[in-house]
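Please model the entire structure based on the sequences and the hints provided.
Taken in sequence, the protein lines are chains A and B.
Position one of the first sequence corresponds to residue 1 (the working numbering), numbered consecutively onward.
Position one of the second sequence corresponds to residue 1 (the working numbering), numbered consecutively onward.
Certain hints may be false.
[As the list claims (entries may be wrong)] Now the in silico label distances, taken between C-beta atoms and shown as ranges:
#	chain 1	residue 1	chain 2	residue 2	range
1	A	P8	B	T83	24 to 34 Å
2	B	T21	A	R9	33 to 43 Å
3	A	G42	B	Y13	43 to 53 Å
4	B	P112	A	E14	40 to 50 Å
5	B	S81	A	G42	17 to 27 Å
6	B	P112	A	Q80	44 to 54 Å
7	A	N51	B	Q42	21 to 31 Å
8	A	S58	B	K104	17 to 27 Å
9	B	P7	A	R41	12 to 22 Å
These are calculated hints, taken from the structure and not from any lab test.
The beta carbon of each residue, even a glycine, is placed where N, CA and C say it ideally should be.
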Amino acid sequence: DAGVIQSPRHEVTEMGQEVTLRCKPISGHNSLFWYRQTMMRGLELLIYFNNNVPIDDSGMPEDRFSAKMPNASFSTLKIQPSEPRDSAVYFCASSSPQSSFETQYFGPGTRLLVL
Amino acid sequence: LAKTTQPISMDSYEGQEVNITCSHNNIATNDYITWYQQFPSQGPRFIIQGYKTKVTNEVASLFIPADRKSSTLSLPRVSLSDTAVYYCLVGDSGAGSYQLTFGKGTKLSVIP
Chain A
1 DAGVIQSPRH
11 EVTEMGQEVT
21 LRCKPISGHN
31 SLFWYRQTMM
41 RGLELLIYFN
51 NNVPIDDSGM
61 PEDRFSAKMP
71 NASFSTLKIQ
81 PSEPRDSAVY
91 FCASSSPQSS
101 FETQYFGPGT
111 RLLVL
Chain B
1 LAKTTQPISM
11 DSYEGQEVNI
21 TCSHNNIATN
31 DYITWYQQFP
41 SQGPRFIIQG
51 YKTKVTNEVA
61 SLFIPADRKS
71 STLSLPRVSL
81 SDTAVYYCLV
91 GDSGAGSYQL
101 TFGKGTKLSV
111 IP
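Set out below in C-alpha cells:
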C-alpha cells in the first residue's frame with residue numbers, strides 16, 4: 001500500500017494568496033484527519049471526516065480555513081487568504097474502520113511557508 | 001477534555017531500556033491510550049495502543065495500571081535510530097464529538 005499521499009510537499013507563497021493542500025488517504029480507510037504542527041502549538045487536530053462527512057471542525061482556526069472531501073480518496077484543505085502565521089507543517093492522516101479511531105496513519109506532511 | 005502530561009525530554013545510552021510515563025488523570029472509561037513516534041520531517045507513526053494491563057508488540061511494551069490514570073511506554077534496548085519525539089494520546093469522546101489531543105511529546109535522545 002502506498003500510504004497516505006500529500007501534495008505538495010513544500011509550498012511557499014505570499015500573504016494573501018490562496019493555498020490548497022491535497023490528501024489521498026489509504027484505500028479502504030473511512031476516516032480522514034487534518035492536523036497542523038508548529039513549534040509553539042505542537043500538533044493540533046483541525047478537522048476530521050468520517051465516510052466523507054465532516055464530523056468535527058472545531059479545531060479549524062478561523063473562516064479562512066476550509067476543508068472538503070468530495071469522495072473517499074481525496075480531500076483538500078484550503079487557506080484563503082493566507083497569512084504568515086499560517087506557516088506550519090500540515091499533516092493528513094487516515095484510519096481504517098477495522099481499527100480504533102486513534103490508530104491513524106499519517107502522511108509525510110506539507111511544509112507551508114507564507115511570506 | 002482528557003489531557004496528557006509527559007516529560008519534555010529524556011536521554012538514554014544505546015542498549016538501555018527506556019521507560020516514558022504519561023499521566024492522564026481524566027481518562028474516560030471508553031478511552032484507549034495510544035503512543036506515537038515522530039522523527040524529524042516526518043509524520044507521526046503509530047507504535048502501540050492499549051486499554052488496560054500490558055500490551056506488547058515487536059516495537060514496544062505498554063504498561064497501564066488498574067486505575068488507568070497513567071501509562072508507561074517501554075522501549076527495550078534502544079538504538080540511535082530510536083531518537084525521536086514520543087507522543088501519548090488519549091481519545092476523548094465525552095463531548096459527543098471525538099477530540100484527540102496530542103500532548104507536547106517527549107523528545108528522546110539516544111546517546112552512543
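Hints versus structure:
A hinted range of 24 to 34 Å for the beta carbons of P8/A and T83/B is consistent with their spacing of about 28 Å. Roughly 35 Å separates the CB atoms of T21/B and R9/A, a value that falls within the hinted 33 to 43 Å. Remark: the range hint 43 to 53 Å for G42/A to Y13/B is contradicted by a beta-carbon distance near 28 Å. A hinted range of 40 to 50 Å holds for the C-beta pair P112/B and E14/A, which are about 44 Å apart.
Take S81/B and G42/A: their Cβ atoms lie about 23 Å apart, and the range 17 to 27 Å holds. The hint said 44 to 54 Å for the Cβ distance between P112/B and Q80/A, and at roughly 48 Å that hint holds. For the pair N51/A and Q42/B, the beta carbons lie near 28 Å from each other, so the given range of 21 to 31 Å is met. Range check, S58/A to K104/B: about 20 Å between beta-carbon atoms, so the 17 to 27 Å window is met.
Range check, P7/B to R41/A: Cβ separation about 19 Å, and the 12 to 22 Å hint holds.
In this structure, the one hint that does not hold is number 3.
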